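Put the two chains together into one complex; each comes in its own frame, and the hints tell you how they fit.
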Amino acid sequence: MPRWMKITSFIVFVAAIGAGGWSWKKLNTARSDVADDKVVLADITSPDPEAVKRGEYVMRTADCAACHTADKGVFAGAYRISTPFGDLLSSNITPDRESGIGKMTARDFFNAVRQGQGSKGLLYPAMPFTAYAKLTDQDMQDLWAYMATVKPVANKVDENAGMPFPFNVRLVMAGWDVLFFDNSGFSAENHLSALESRGKYLVDAGGHCSACHSPRNSLGAEIDSAYLQGGRLGDWYAPDLTSSPHAGLGARSAAEITEYLKTGEAGPVATGPMAEAIEHSLQYMTDEDLQAIATYLKSLPAATDEKPPMIAATTPAMQRGALRYEVNCAACHGVAGEGMGGMTAAFAGNHTLQSDDATNLIHVMLVGGRAASTHAKITGAGMPSFAWKMDDRQIAETLDYIRNSWGNSAAPVEAAEVGRLRESLRAQSPLPQH
Amino acid sequence: MERKRPKTDVVVVGLGWSGSLMAEELTRAGLNVVAIDRGGWIDTSTHTPPAVDPDELRWAIRKELFSPPRDNTVTFRNRAEQTAVPLRDFGIFELGGGVGGAGFHWAGMGWRFSPWAFEIRSKTIERYGRAKAQDDEMQLQDWGITYAELEPFYDRWERIAGISGQAGNIQGQIQPGGNPFEGPRTRDYPTPKLKTLRMMEIFNNATEKMGLHPFTIPCANLSQPYVNPLGVTMGACSYCGFCLGFGCGNFSKSSPQACIFPALMRRSNFSVITKSCVTKVNKAADGKTVTGVTFVNEHGDTIEQPADIVCLTAFQVDNTRILLNSQISEVYNARTGTGTVGRNFTFQTVSGTDLWFEAETINPFIGAGALGSQIDDYNSDNFDHSNLGFIGGAGMLTLSRDGMPIAKASALPPGTPRWGSGFKKGYAKYYQNYGVIFNQGCSMPVKAATLDLDPTYRDKYGVPLLRVTYDYAQSDRNMAKFTMDRAVEIAREMGASHVSPFNFGDKPFTAGIVASDHVIGGTPMGSDPTTSTVNPLLQSWDAHNLFVVGASVFPMNDGYNPTGTVGALAIRTARAIHETYVKHPGSLVEG
Chain A
0 MPRWMKITSF IVFVAAIGAG GWSWKKLNTA RSDVADDKVV LADITSPDPE AVKRGEYVMR
60 TADCAACHTA DKGVFAGAYR ISTPFGDLLS SNITPDRESG IGKMTARDFF NAVRQGQGSK
120 GLLYPAMPFT AYAKLTDQDM QDLWAYMATV KPVANKVDEN AGMPFPFNVR LVMAGWDVLF
180 FDNSGFSAEN HLSALESRGK YLVDAGGHCS ACHSPRNSLG AEIDSAYLQG GRLGDWYAPD
240 LTSSPHAGLG ARSAAEITEY LKTGEAGPVA TGPMAEAIEH SLQYMTDEDL QAIATYLKSL
300 PAATDEKPPM IAATTPAMQR GALRYEVNCA ACHGVAGEGM GGMTAAFAGN HTLQSDDATN
360 LIHVMLVGGR AASTHAKITG AGMPSFAWKM DDRQIAETLD YIRNSWGNSA APVEAAEVGR
420 LRESLRAQSP LPQH
Chain B
0 MERKRPKTDV VVVGLGWSGS LMAEELTRAG LNVVAIDRGG WIDTSTHTPP AVDPDELRWA
60 IRKELFSPPR DNTVTFRNRA EQTAVPLRDF GIFELGGGVG GAGFHWAGMG WRFSPWAFEI
120 RSKTIERYGR AKAQDDEMQL QDWGITYAEL EPFYDRWERI AGISGQAGNI QGQIQPGGNP
180 FEGPRTRDYP TPKLKTLRMM EIFNNATEKM GLHPFTIPCA NLSQPYVNPL GVTMGACSYC
240 GFCLGFGCGN FSKSSPQACI FPALMRRSNF SVITKSCVTK VNKAADGKTV TGVTFVNEHG
300 DTIEQPADIV CLTAFQVDNT RILLNSQISE VYNARTGTGT VGRNFTFQTV SGTDLWFEAE
360 TINPFIGAGA LGSQIDDYNS DNFDHSNLGF IGGAGMLTLS RDGMPIAKAS ALPPGTPRWG
420 SGFKKGYAKY YQNYGVIFNQ GCSMPVKAAT LDLDPTYRDK YGVPLLRVTY DYAQSDRNMA
480 KFTMDRAVEI AREMGASHVS PFNFGDKPFT AGIVASDHVI GGTPMGSDPT TSTVNPLLQS
540 WDAHNLFVVG ASVFPMNDGY NPTGTVGALA IRTARAIHET YVKHPGSLVE G
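Chains as they are written, first to last, in numbering that gives the first Met the number 0: chain A, 0 to 433; chain B, 0 to 590.
Extracted from the complex, chain B is given alone in its bound form (with noise of 0.2 Å):
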């Protein structure tokens, strides 16, 4: 059956973070907003209230939150020469099943990206000459704006969420206990830092002893009660622990759900389809816009939703495949370097060092999220490159997250017996005495890396899949072993006594194992248009009431979660939406 339904002023295309946060800003100016969201209704005190007991089998190993793989998977493989194949199982794209999207079932850390990774090459080049930004496998580009033009959107942002945290840089001014790394901040995070815990103290004992900078990890697992600009409270974390696949019960972990929702839902310019999934954004016959998108609904109906600005908001590679699928902007491709859509997929990479004392009580069923110390001396451009194989870093941390039965029983130093009273005895020494760096590595993106649609496998609705073509580039490999190396030297200063690093860097990329889940790129943003899919401002070059918002827009990697910037992007959107767009519907930035 195929319907069609009242014109929209803007139809949004998934209600996560991006896409509630633009529904929000663009309402509250007055404008009609549909969101269409492939899952279903979710909210705290329905379906994750403190009564459903943090069951980790449930939540954390079966994925409750997730939208399984029969709804979302891609085809994958290393090299061009390869024919890629389904994912059939859990991987590293870790979409959320529900409305809300991942920032629903997330852990929570509220990070901004560097002032430096805004403008990767020019950067580059400025510090160490263009043979190191251009080695024939990288393909840096700027983003097309500054750190310093995205600041107060992240400061929105964070004022949303809630961020709890320590400033290290307040308008230049580097202070004492935050991250002296961090980009300028116009003011101190809405809450404050969480408390320190076992395993922080000793890994910032260890590396203040080293001359190291150890900070808080941001949180957005707040440390008090908290009133957002948009008037909705939010609780203090009670330290659970179950954060990471979970949904929050008592309203402390920053979402959709708990920051944006009681706000947007009650505004009768606002209304949300869920259970309907977007195919296509349909073209204007004009060539130069569109005219809504296309949906099937859960009944197996293909709607269209005409709409006058249309925001695709999805999660990365869902905005990349209904964009490639709608044929509006030239594909990219790997052997010219023309084209734009599926350029610049890239993935973070990872290693550092599992370790294990002899006598602490680390007491792990006490933790947040996010909550961990981190350092950034190794991360993004904060130190020298001129001597290493490398640019990038990655931002080194320990986290006090979680105590999570099940997972812990895997976390055993090398030699524990797997089984029997040897292995009953030592889970229960080590869950007392095991802990992690984990070195969130930046990724650059490379030539050869491609998006594009799957010449043999559909999904349900009969669209084919997204392929991903995707290997580290050798900058990454390098900078993964660096980062380990230091890893291993910071677990033998803080007293382990078995040291056991991991480097995914030294292997072929792989989607099958969750390294990270922070997948970025495929639509990039860019003051080029003949590099980049949308303009800095995420409105496609080619259709004008097109705009990309989300992680898909991100022409590299940062050794932090993406969820901040993200965050700031999409305020930073739906203003020039709503500020000029809409009076001047046109191109917002000279190409």
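Here chain A stands alone, though its shape is the one from the complex (with noise of 0.2 Å):
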């Protein structure tokens, strides 16, 4: 974002602050009454063992682990998340006094968690309370149990100090709270059944699948028009989760979801920040709750029915695509993009390469990937980097062999766009060929 719009959006954040009235919904935080406010997390001593089981659960849909551990240990916190905005560390939620979330209750709790606002002031939304505001009563209990049994860590972590002015003023997100954020809880909606609600639950509120899947505004706020319909994430790209028949769900079953998202894989490999989330998160729900997800999201209407025409084989790009194909892929893709025992992705039919947006494809392309691995398929096998071998024009015909070959078609690849990622992902340069 340059400079004078993040200036601008200061100016609204403020003016915003000043529509006092309008502030007093979205920052109220009546809801969280229903907690206790007087025992703090680290006095807690003997959580109701039910309660810890059910909230290691929700701890699981809602995949805190992720982003709350780096080197420190489990929930230490100071896991680096890079935004437009700026660099933010996630916060130490161990039980600990001093650094940690230890002082604590369980209202405190329920306000970081469901309305943003934390002991240090309001959240930046990386941390996914608009979607957690959707957690139930029931759920963050369980949940606040759950911490309790967490092994205290001291790890004293200074959460905005990579934002800059004016974003590192925390009030600042009252104005983006006012403006983006909904503090109401969840609701079933009539026309879903019961598992389809489940799934709706499990997908808004501790999965915050949309973080992600659903594009965001200038102002980092998720475009709710375009709900789950695929979203940009730095050097990443969430595709569409809706059921478009091209690159979305459309032509998936919802047991290949639910294989997905238990497996890493089902013909196409999780990788990246997806393989994180299946690894922390997915793999640990039971078939019920994934088979909820993936019926819950096979009932969204698609975002779009289009098809892009199918570049044709016999171009002299394609051509040289098809070459590099078998000489560098073939050997763990297949010759007819069939994929390798599940280890490695099969292009053949795989509808998320087929998005308009190539970015993961060149992403693995240029620093290699690796597979997520689950209790069900370990092998987390590795994809390598080509970037010193491809320059941005053979990898972009190459994508676009692999996006235009058995039965799969899709927009081409530019070489820019590939010199765009090699840049920003500080991919090597090739090799000078002769």
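In silico lysine to aspartate or glutamate, EDC-like type, Cα no more than 16 Å apart, as pairs: (1) Lys388/A - Asp52/B; (2) Lys446/B - Asp134/B; (3) Lys131/B - Asp383/B; (4) Lys424/B - Glu357/B; (5) Lys388/A - Asp54/B; (6) Lys282/B - Asp307/B.
Hints were generated in silico from the structure; no laboratory data involved.
Nothing here was measured: the structure is a model prediction, and the numbers come from that model.
In structure tokens, the structure reads:
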């Protein structure tokens, strides 16, 4: 975002704060009144074991560990999150009194997780409180019980030290909350079945799927009208999860989606941030809950029916791509794009790789990737980097071949786009070619 | 700097096939395992993916994956009255340079030894009388286990490695197309045999015509995608042929990396210390146990790793040298026959023939590291030795391994020009017309062979180099000549226009020329403590919490590659440790 836009945004925030009457509802924390406001987390010695067990499951569905764990221990925070506004570090959420959340009461915890109002001030939406706002009171109580069992780790984190002015002023978030935060809880919708409704709860509340899979506006808020239709996330693309027949989930059965979420593979192979979500969160969910998610996603209307025309196999570029595919890719991905034993991605019939946005494919071509390693499929095979071996045009041609063979069809990949990602990923330059 | 690490349940010295198989068993049983490896971390997708060229010069000739001589060599002589000097270039000791050991760069032949080998002394006496077994030169001894006892562990190893092959004997029933001479197997291989390539076809036709029994070599180059019992997925071989000396780019060559690490590395009770060389096992004050190991890390710090159980799972020469340097058991004395450490070093006695056709299309660039056809008609005790001056034999095989352009430039029939247009013409023709019959011969232990610490030469840590004193038994030399003659007959039957036999057994043994790289012995296993370093469960007779695992325990060498037997023995020992030893520490076998 250009500088002028940032400053304009700031003015918008402040103006929004000025609209005091408006902010009352958005910042109202009455929903947290159901929680205890006396006992601090560090003093809870014997939480109800059943609640702890349920709370651990809530923690898994919300994937707290993914962002709150770096190198100081589980939940000890300091995991770096890069945003267009600056770098944030996640907070220490262990029950340590000084550096963690040991001095919080349940009500403080509810305010932080569901309202974005933490002990140090308003939270940034890198913490998906906009989604967690939908967590039920019961799930929050259970999660609280679980947090009491976490081992305290002393690790002081200065969360917003990497944010430049004015974004290091947490009060700015009041304006953002007023504009974009909806603090009403989850409500079932009549047209959804019980299973779909459970799926929607998991997707929208703990799962915070839209945090990546919905596009965001220039102020970093999700665009509701494009809910789960695919979003760009740094150097990755989170694909369309609606029933779009071509690049969405339209051609995927609920069983295939469930398999993918549980194991990291169902033809397509998860890598990057989705591999992390599966490894830390989704694989721990019950089969019923994964089916609920799949069923709910299948109920979403298609974002688009469009299918880009297939690039003809006869063009010289496609023929170069075919040769390069055979030499570099076929050993693992198969001569017919069939993949290999579920370890490497199948390309034929793989819808996610036919999105208009080819970021993920370019990303792994440039810096490689590692498949999700799950309890069901542990291998976690590696994709090597081809940055040193292929120039931008060669990568684009190879991807065009993959995206337009075996029945696939997708828009051409621009060499310039490969170049942009090569720069932002700091990938190696190709060796000189003769 | 001296440091001491926290104590662990088990320390594993060397993370190759033996070490990783043991670590997998032991961590799954809940024990805390620390592995220490001299090499650095290596894995497929980082170090040898398909994006990295399978450059023959880099990998096969300069041997980049091998432990270099500066880190790993021996001194060598044929006889005790000679002075041993260091081997200063790559030779027959082809240790891996990183974790995974030689199991990362190996070709991938997934053999079992013959039932005869394990009871070599008893069976030889039984069939041919005592004189054949005791010729004053050989030092035959049984292994203390039978093939039948080891069979379930062979089966387990084959499942973990995903070996591709065709059974020849399932529970005593001979199977068409397999090796009719193999020991009985519980069940078929986990994946089908690889394709039959042109050179194999010619060999199969000729040997069948001669009444022999060709079959496809069991390969650790997988014929199809496979999920092993640890849940690890492997790919299908693409027949690129860049296996021996190379890392496999597409997860289809079995290795600790491809088969075990994905499961092992994710266990919180396992850790590995890389670039750290164990120099000795530390003895306890009671003299009956060991307390752990001492190693030197990459910064030169000397560090102690205490452990309740020590498993030496290094390469054959290192297991022996560490044990010698630790002064735990008595050193073998070739003159008196006393002591056991350094006893029964042997090699393999190799002969065979190169052969060329005039108008074939072999397409050698299609291949796999272990792929070939073999006959076992002249291997082990599969034929009558009554009127022959030797025991044992050789697996006689032809290879469809690779079409390495540099190496193949030397594979020209005698008389072909070595330079100029004549060379180019000859090479272009014979690249498509070259084959080999390779006799992977057994080697019998001899009394005169020893491994001990060199009195003069030391390594960079100040530890004496291992001194190898060895030459082939006359029995082996006779065997090599016999099988060479058979190879020539087969080559003629195959229709070769040029047949150029070779025999390493008609010369003194040398560590400098890679006739084979299958060295064994030095810490032999057995049921007699006076002739073996470790008992049949590979437990030291002298320190019950020390286990020595790997080819150093073989009391003799059979006419097959050793890896399958190494794997089976490692799994068997690991099971004995977690099923029995940890509950009742002490000797697992009556001595």
